[in-house]
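Novice: In case you want the letters, here they are:
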Amino acid sequence: MADSPTTDPLSLENLHASVGIRTGRTHVLTILVENKPGVLSRVAGLFARRGFNIDTLAVGPTDDPDLSRITLTVDGAVHPIDQVTKQLHKLINVIKIRDLEPGEAVQRELAMFKISAEATQRAEVMQIVQIFRGKIVDLSHLTMIVEITGTNEKIAAFDEMIRPFGLVEMARTGEIAISRGRAET
Amino acid sequence: MRAVDALMECLKAEGVEVVFGLPGGANLPTYDAFYDAGIRHVLVRHEAGGGHAAEGYAKATGRVGVCFGTSGPGATNLATPICDAMMDSVPVVFFTGQVRTDLLGTDGFQEADTMGMTLPLVKHSIMIQDPQDLPRAVHEAFHIASTGRPGPVLVDIPVDLSKADIEYIPGGEINLPGYQPTTEGNQRQIRLAAKALAHAKRPIIYAGGGVVNAEASAELIALTRYGKFPITATLMGLGAYPADDPQWVGMLGMHGTRAANYGMDEADLIVAAGARFDDRITGKLDEFAPNAKFIHIDIDPAEISKNVPAHIPIVGDAKNVLSRLLGEYRALEPDASRLDDWWDKVNGWKEKYPLGYEDSEDSEIKPQFMIQALHEATGGNAIVTSDVGQHQMWTAQHYGFPEPRRWINSGGLGTMGFGLPAAIGAQIGCPDSQVVVVAGDGSIQMNSQEFATCVQEKLPIKVFIMNNGYLGMVRQWQELFWDHRYSQVDLQDHSPDWVKLAEAYGLQGVQLTKKESLIDDMKKILDMDGPVLVDVRVTREENTYPMIPAGEPARNMVG
Ligand SMILES: Cc1ncc(C[n+]2csc(CCOP(=O)(O)OP(=O)(O)O)c2C)c(N)n1
Chain F
1 MADSPTTDPL SLENLHASVG IRTGRTHVLT ILVENKPGVL SRVAGLFARR GFNIDTLAVG
61 PTDDPDLSRI TLTVDGAVHP IDQVTKQLHK LINVIKIRDL EPGEAVQREL AMFKISAEAT
121 QRAEVMQIVQ IFRGKIVDLS HLTMIVEITG TNEKIAAFDE MIRPFGLVEM ARTGEIAISR
181 GRAET
Chain R
1 MRAVDALMEC LKAEGVEVVF GLPGGANLPT YDAFYDAGIR HVLVRHEAGG GHAAEGYAKA
61 TGRVGVCFGT SGPGATNLAT PICDAMMDSV PVVFFTGQVR TDLLGTDGFQ EADTMGMTLP
121 LVKHSIMIQD PQDLPRAVHE AFHIASTGRP GPVLVDIPVD LSKADIEYIP GGEINLPGYQ
181 PTTEGNQRQI RLAAKALAHA KRPIIYAGGG VVNAEASAEL IALTRYGKFP ITATLMGLGA
241 YPADDPQWVG MLGMHGTRAA NYGMDEADLI VAAGARFDDR ITGKLDEFAP NAKFIHIDID
301 PAEISKNVPA HIPIVGDAKN VLSRLLGEYR ALEPDASRLD DWWDKVNGWK EKYPLGYEDS
361 EDSEIKPQFM IQALHEATGG NAIVTSDVGQ HQMWTAQHYG FPEPRRWINS GGLGTMGFGL
421 PAAIGAQIGC PDSQVVVVAG DGSIQMNSQE FATCVQEKLP IKVFIMNNGY LGMVRQWQEL
481 FWDHRYSQVD LQDHSPDWVK LAEAYGLQGV QLTKKESLID DMKKILDMDG PVLVDVRVTR
541 EENTYPMIPA GEPARNMVG
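Those protein sequences? They're chains F and R, same order as listed. Going by the UniProt record's numbering, the first sequence opens with residue 1, and the numbers climb by one from there. Going by the UniProt record's numbering, the second sequence opens with residue 1, and the numbers climb by one from there.
Treat the hints with care, since some could be wrong.
Taking lysine to aspartate or glutamate pairs in the EDC-like style, the calculated list, with each CA pair at most 16 Å apart, reads [unchecked claim]: (1) Lys228/R <-> Asp340/R; (2) Lys96/F <-> Glu184/F; (3) Lys201/R <-> Glu13/F; (4) Lys90/F <-> Asp300/R; (5) Lys36/F <-> Asp130/R.
Quick caveat, the hints were computed from the structure, so don't treat them as lab data.
Please construct the entire structure, taking both the sequences and the accompanying hints into account.
Specialist: And the structure:
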């Protein structure tokens, strides 16, 4: 910026507000929090109170026993993501927040599918499981349980393929993510 | 020593001179420690009174207020003042007792999930799990309450842990890796703001409670005077700029002046300092200040662009930012005469639309006149607390505050019953000041038990009830927007005899009904020793004007 700006023709017209932007994509927020009582309630409560929807949520320990990591996905089409992160930052137990860009992080989710495939269909099911690099972790006369790990797109694709065989139930962990390269998440 | 004795040491180390509270089973050890700790403890008659007293103390002095309550009902009674302190950014530390750790989660006697219940109401809260952590928790609580954007912090202490023996090491460290408020404004942003101001032709300063919290009144005045800018303030910012100054255009918002609201409406540049664009300020959001660009100065980054997108956001302490903004602005040597046309317009509104009212033809006291009379009688120099309703708005409009921390009210939450306990805190914090309450005849009944506290503590507070025999503000809305259907607002024949009530509590009671002698009567009352309760009979159905009907733009002000 010029140092003698009196002569600088700054017109108020040229000032733009660049906030409150809805990005239109899903954001993966990884939040490093202190392991203190109520910290998850604080985060979840804040989302509820400010009307932000959480798409998925995963919580777990980190390499530091005093810290936990909360990974959550938020729809940036619905909420201005800067408001979400600024409100989160106000929580005293929140140490760090990263809004991971799609390309800079590895994202994974684990899902288990209980399928009621009849004996005649099992070969076909196993072939699909193999293509998706899944594992059959339980087998009974009537059902089988398949474990799949991957991005949530992959899990959704598997879901679509397997459903016609008779899906009894499904459980998903919610996504976790870690940044690529040397930088810490 | 016992954890509670360490707690007393920590309070002393924090410079605490007074606390407010009420004991119970779950904080008996704490009260045993108070017995000879040498800290002044003011016994209130309801925990909400204690919380508001701590707020009043904090608002009047700028220091941290402290309040104690027991578990369960003690804690639920504190929910209102905790929320109030959050909404108005008041630094208060609340200590609640909790049931024994082995009873936690069993619905034990007087167990309430105090942490859970208050999570959305606090700036932060700490549950003690290891008594050895108590000293650090206390220091962290004071630090968090009083720095950055101030606010309430709760410390919940299970009763068994409060009795435990701990090793107390004075001067304990605090450890808050996730808490680093930004106080220094960004230099480039400040420079850009100065430049924008220098190019503005219709600028206006909009100051909020953050200026008071930051002790930035002098910096605000210096910038405003140097730039010859018109200035308005929110209900919470009153006094930050002296109300008798020609550049003052009055309060803005729902019951603000036309000059202030029209000024915002037509401004090309608005400097918001420590203010948060509340709906009572903006009215209809998409038609708010349609011609303006915004410089938004706030210590809380989450306030910036929350409601109104800022063109030049500056995160920082208002004192720091305003003083540097003046420096940068001065360096540009702007020509103040560019604002002449703007001032013609603003002054035109000021002249055309003063805050008037129609006086009574007989001796009846008009509520607006009551406030002007109070200004006269106190020389404009009192600390004034208020309840919530019409009387609050009339006080804000007509008292004319010369300095910050003289006007103490519940803005964000609008808590009826705030005025009397807040005055107790203010009077204790400022023993040499004249403290008066402007109360509503409805509101005062929500915390009238604190008259006992006033008498016990020998506080010379003068309580002026603006007695209109109605829940007046609600009646006004019913008159204007609900077709005169007055539903559950008439108090006239069922309020106590205020003079007798005063006497029952052991304070003096006076009734005033005549406008001719009002100022002199008030002067006499102000000279009386001890607390006095004054029942001022005013016009029953008077409306607070002007007014922006809820959800409408400022241009549509009525009255
Ligand atoms: C605790 C609480 N309950 C209800 C309200 C809603 N309310 C706002 S103003 C008001 C009327 C207050 O009456 P009064 O204290 O007599 O003051 P007036 O408006 O007559 O001056 C009410 C009921 C409130 N603000 N706070």
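Novice: Check the structure against each numbered hint from earlier and tell me which ones fail, lowest number first.
Specialist: Of the numbered hints, all hold.
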